[in-house]
Amino acid sequence: MPLKAVLFDMDGVIVDTEPLHRKAYYKMFDDFGIDVSEELYTSFTGASTKKVCTTLVEKFNLEETHEDLAAIKRNYFKYYFDTDQDFDLIPGVKDLIVHYYENGIKLVLASSAHMNTINWVFEKFDLEQYFVGKISGADLQESKPHPEIFLLASELAAEPKEYCMVIEDSTNGIEAASAAGIFCVAYQSAHSSNQVYEKASLLVSDFSDIEFENIGKYF
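The numbers in the sequence shown follow this note's numbering, run straight up by one, and end at 685.
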(Lines of atoms letter the chains of each structure in order from A and count residues from 1; the text may use other names and numbers.)
(Lines give C-alpha, C1' and ligand atoms only; values in the text may rest on other atoms or scores of the structure.)
Protein backbone atom coordinates (compact mmCIF):
# COMPACT_ATOMS: atom_id res chain seq x y z
CA MET A 1 0.00 0.00 0.00
CA PRO A 2 1.90 3.07 -1.18
CA LEU A 3 1.52 6.37 0.66
CA LYS A 4 -0.61 8.67 -1.52
CA ALA A 5 -1.66 11.55 0.75
CA VAL A 6 -0.51 13.33 3.90
CA LEU A 7 -3.07 15.13 6.04
CA PHE A 8 -1.39 17.91 8.01
CA ASP A 9 -2.63 19.46 11.19
CA MET A 10 -1.48 23.09 11.36
CA ASP A 11 -1.04 24.31 14.94
CA GLY A 12 2.03 22.68 16.43
CA VAL A 13 2.91 20.94 13.17
CA ILE A 14 3.33 23.63 10.49
CA VAL A 15 3.42 26.68 12.74
CA ASP A 16 3.35 27.14 16.49
CA THR A 17 0.46 29.55 16.86
CA GLU A 18 -0.26 28.34 20.40
CA PRO A 19 1.66 31.21 22.10
CA LEU A 20 -0.31 33.69 19.95
CA HIS A 21 -3.61 31.95 20.71
CA ARG A 22 -2.76 31.91 24.40
CA LYS A 23 -2.07 35.65 24.48
CA ALA A 24 -5.26 36.34 22.52
CA TYR A 25 -7.44 34.04 24.62
CA TYR A 26 -6.22 35.46 27.92
CA LYS A 27 -6.80 39.03 26.70
CA MET A 28 -10.32 37.97 25.80
CA PHE A 29 -10.80 36.23 29.17
CA ASP A 30 -9.81 39.50 30.87
CA ASP A 31 -12.30 41.44 28.75
CA PHE A 32 -15.13 39.21 29.95
CA GLY A 33 -13.85 38.90 33.53
CA ILE A 34 -13.61 35.11 33.49
CA ASP A 35 -11.00 33.12 35.40
CA VAL A 36 -9.81 30.19 33.28
CA SER A 37 -7.57 27.70 35.06
CA GLU A 38 -4.47 26.24 33.43
CA GLU A 39 -6.15 22.81 33.58
CA LEU A 40 -9.23 24.05 31.71
CA TYR A 41 -7.13 25.93 29.15
CA THR A 42 -4.97 22.84 28.48
CA SER A 43 -8.12 20.80 27.82
CA PHE A 44 -8.88 23.13 24.89
CA THR A 45 -5.77 22.05 22.96
CA GLY A 46 -6.72 21.03 19.42
CA ALA A 47 -10.34 22.20 19.75
CA SER A 48 -11.91 24.80 17.47
CA THR A 49 -12.42 28.39 18.63
CA LYS A 50 -16.16 27.81 18.30
CA LYS A 51 -16.04 24.83 20.66
CA VAL A 52 -13.83 26.68 23.17
CA CYS A 53 -16.05 29.77 23.19
CA THR A 54 -19.25 27.70 23.41
CA THR A 55 -17.78 25.87 26.42
CA LEU A 56 -16.87 29.19 28.07
CA VAL A 57 -20.35 30.67 27.53
CA GLU A 58 -21.93 27.61 29.15
CA LYS A 59 -19.42 27.18 31.97
CA PHE A 60 -19.38 30.83 33.05
CA ASN A 61 -23.06 31.58 32.24
CA LEU A 62 -22.12 34.44 29.94
CA GLU A 63 -24.80 36.60 28.33
CA GLU A 64 -22.71 36.98 25.19
CA THR A 65 -22.75 34.41 22.35
CA HIS A 66 -19.82 32.23 21.35
CA GLU A 67 -19.58 34.40 18.20
CA ASP A 68 -19.06 37.50 20.37
CA LEU A 69 -16.19 35.85 22.25
CA ALA A 70 -14.63 34.42 19.09
CA ALA A 71 -14.67 37.78 17.28
CA ILE A 72 -12.80 39.53 20.10
CA LYS A 73 -10.31 36.67 20.45
CA ARG A 74 -9.72 36.66 16.67
CA ASN A 75 -8.94 40.40 16.63
CA TYR A 76 -6.34 39.95 19.35
CA PHE A 77 -4.89 36.93 17.51
CA LYS A 78 -4.49 38.86 14.23
CA TYR A 79 -2.66 41.62 16.07
CA TYR A 80 -0.16 39.14 17.56
CA PHE A 81 0.08 37.24 14.23
CA ASP A 82 1.19 40.43 12.48
CA THR A 83 3.48 41.80 15.17
CA ASP A 84 5.11 38.89 17.07
CA GLN A 85 8.78 38.73 16.06
CA ASP A 86 9.22 35.08 17.13
CA PHE A 87 6.42 33.66 15.00
CA ASP A 88 7.76 31.31 12.30
CA LEU A 89 7.35 27.87 10.72
CA ILE A 90 8.18 24.77 12.79
CA PRO A 91 11.83 23.86 11.97
CA GLY A 92 12.06 21.45 9.04
CA VAL A 93 8.39 21.48 8.04
CA LYS A 94 8.75 23.54 4.85
CA ASP A 95 11.43 21.13 3.61
CA LEU A 96 9.14 18.19 4.41
CA ILE A 97 6.18 19.78 2.59
CA VAL A 98 8.27 20.46 -0.52
CA HIS A 99 9.79 16.97 -0.30
CA TYR A 100 6.37 15.27 -0.26
CA TYR A 101 5.11 17.51 -3.04
CA GLU A 102 8.10 16.70 -5.26
CA ASN A 103 7.48 12.98 -4.64
CA GLY A 104 3.90 13.24 -5.89
CA ILE A 105 2.20 13.02 -2.50
CA LYS A 106 -1.10 14.89 -2.22
CA LEU A 107 -1.18 17.26 0.75
CA VAL A 108 -4.32 18.34 2.61
CA LEU A 109 -4.46 20.79 5.51
CA ALA A 110 -6.85 19.48 8.18
CA SER A 111 -7.04 22.00 10.98
CA SER A 112 -9.53 23.10 13.63
CA ALA A 113 -8.32 26.66 13.04
CA HIS A 114 -10.49 29.33 11.42
CA MET A 115 -10.04 29.53 7.64
CA ASN A 116 -8.89 33.14 8.00
CA THR A 117 -6.00 31.96 10.16
CA ILE A 118 -5.16 29.13 7.75
CA ASN A 119 -5.11 31.56 4.82
CA TRP A 120 -2.95 34.05 6.75
CA VAL A 121 -0.41 31.29 7.46
CA PHE A 122 -0.44 29.99 3.88
CA GLU A 123 0.03 33.50 2.49
CA LYS A 124 2.73 34.51 4.98
CA PHE A 125 4.82 31.39 4.32
CA ASP A 126 3.92 30.73 0.65
CA LEU A 127 2.39 27.26 1.17
CA GLU A 128 -0.69 27.38 -1.08
CA GLN A 129 1.02 25.87 -4.12
CA TYR A 130 1.81 22.60 -2.35
CA PHE A 131 -1.68 21.68 -1.07
CA VAL A 132 -4.64 20.21 -2.95
CA GLY A 133 -7.11 21.30 -0.27
CA LYS A 134 -7.74 22.83 3.14
CA ILE A 135 -10.29 22.04 5.85
CA SER A 136 -11.03 24.43 8.71
CA GLY A 137 -13.03 24.11 11.91
CA ALA A 138 -15.97 25.83 10.20
CA ASP A 139 -16.26 22.94 7.71
CA LEU A 140 -16.98 20.46 10.51
CA GLN A 141 -20.05 19.29 12.40
CA GLU A 142 -17.82 17.78 15.10
CA SER A 143 -14.51 18.86 16.66
CA LYS A 144 -11.46 16.66 17.31
CA PRO A 145 -11.22 14.01 18.84
CA HIS A 146 -14.14 13.12 16.55
CA PRO A 147 -12.73 11.54 13.35
CA GLU A 148 -14.80 13.67 10.95
CA ILE A 149 -11.98 16.05 9.99
CA PHE A 150 -9.61 13.32 8.80
CA LEU A 151 -12.30 11.31 7.02
CA LEU A 152 -13.20 14.51 5.13
CA ALA A 153 -9.52 15.18 4.41
CA SER A 154 -9.00 11.73 2.88
CA GLU A 155 -12.09 12.34 0.71
CA LEU A 156 -10.65 15.71 -0.33
CA ALA A 157 -7.40 13.98 -1.29
CA ALA A 158 -9.51 11.46 -3.26
CA GLU A 159 -7.48 8.61 -1.76
CA PRO A 160 -8.56 5.64 0.39
CA LYS A 161 -7.75 6.26 4.03
CA GLU A 162 -5.40 3.23 4.00
CA TYR A 163 -3.15 5.23 1.65
CA CYS A 164 -3.22 8.35 3.86
CA MET A 165 -1.10 9.52 6.79
CA VAL A 166 -1.94 12.14 9.42
CA ILE A 167 0.68 14.36 11.08
CA GLU A 168 -0.60 15.61 14.44
CA ASP A 169 0.77 16.93 17.72
CA SER A 170 -2.18 17.01 20.11
CA THR A 171 -4.00 14.33 22.09
CA ASN A 172 -7.33 15.31 20.50
CA GLY A 173 -5.87 15.18 16.99
CA ILE A 174 -4.14 11.84 17.52
CA GLU A 175 -7.36 10.36 18.90
CA ALA A 176 -9.27 11.72 15.89
CA ALA A 177 -6.84 10.10 13.45
CA SER A 178 -6.96 6.84 15.39
CA ALA A 179 -10.77 6.86 15.40
CA ALA A 180 -10.70 7.48 11.63
CA GLY A 181 -8.46 4.43 11.18
CA ILE A 182 -5.68 6.44 9.55
CA PHE A 183 -1.94 5.97 10.19
CA CYS A 184 -0.92 8.81 12.51
CA VAL A 185 2.50 10.30 13.08
CA ALA A 186 2.69 12.20 16.36
CA TYR A 187 5.15 15.10 16.20
CA GLN A 188 6.62 15.86 19.61
CA SER A 189 8.25 19.27 19.79
CA ALA A 190 9.68 21.53 22.44
CA HIS A 191 6.26 23.20 22.44
CA SER A 192 4.38 19.98 23.20
CA SER A 193 3.24 19.53 26.78
CA ASN A 194 0.74 17.26 28.51
CA GLN A 195 -0.14 15.48 25.27
CA VAL A 196 -0.85 11.73 25.12
CA TYR A 197 0.76 9.81 22.25
CA GLU A 198 -0.27 6.22 23.00
CA LYS A 199 -2.76 6.03 20.10
CA ALA A 200 -0.22 7.31 17.56
CA SER A 201 1.18 4.88 14.98
CA LEU A 202 4.62 6.52 15.16
CA LEU A 203 6.25 9.17 17.37
CA VAL A 204 8.91 11.51 15.96
CA SER A 205 10.65 14.69 17.07
CA ASP A 206 12.40 15.47 13.77
CA PHE A 207 10.57 15.80 10.46
CA SER A 208 13.48 14.27 8.54
CA ASP A 209 12.51 10.95 10.16
CA ILE A 210 9.33 10.84 8.05
CA GLU A 211 10.71 11.79 4.66
CA PHE A 212 9.29 9.70 1.83
CA GLU A 213 12.12 7.16 1.85
CA ASN A 214 11.79 6.55 5.60
CA ILE A 215 8.02 6.37 5.91
CA GLY A 216 7.49 4.03 2.95
CA LYS A 217 8.18 0.93 5.00
CA TYR A 218 4.97 1.52 6.97
CA PHE A 219 2.79 1.39 3.85
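Honestly, the hints are just simulated from the structure, not real lab data. All figures in this text were calculated on a predicted structure; none of them were measured in a lab. There may be inaccurate statements among the hints.
[Claimed, not checked] With a straight-line Cα cutoff of 27 Å, these simulated DSS-like cross-link-like pairs (lysine-lysine) come out: (1) K470 x K517; (2) K560 x K525; (3) K590 x K525; (4) K560 x K665; (5) K470 x K489; (6) K560 x K493; (7) K517 x K493; (8) K470 x K493; (9) K517 x K544; (10) K516 x K683.
We went through each hint and held it up to the structure:
no. : hint        : in the structure
1   : K470 x K517 : violated (31 Å)
2   : K560 x K525 : violated (39 Å)
3   : K590 x K525 : violated (36 Å)
4   : K560 x K665 : holds (26 Å)
5   : K470 x K489 : violated (38 Å)
6   : K560 x K493 : violated (31 Å)
7   : K517 x K493 : holds (18 Å)
8   : K470 x K493 : violated (42 Å)
9   : K517 x K544 : holds (19 Å)
10  : K516 x K683 : violated (39 Å)
Checked against the numbered hints listed earlier, the structure breaks hints 1, 2, 3, 5, 6, 8, 10; every other hint is satisfied.
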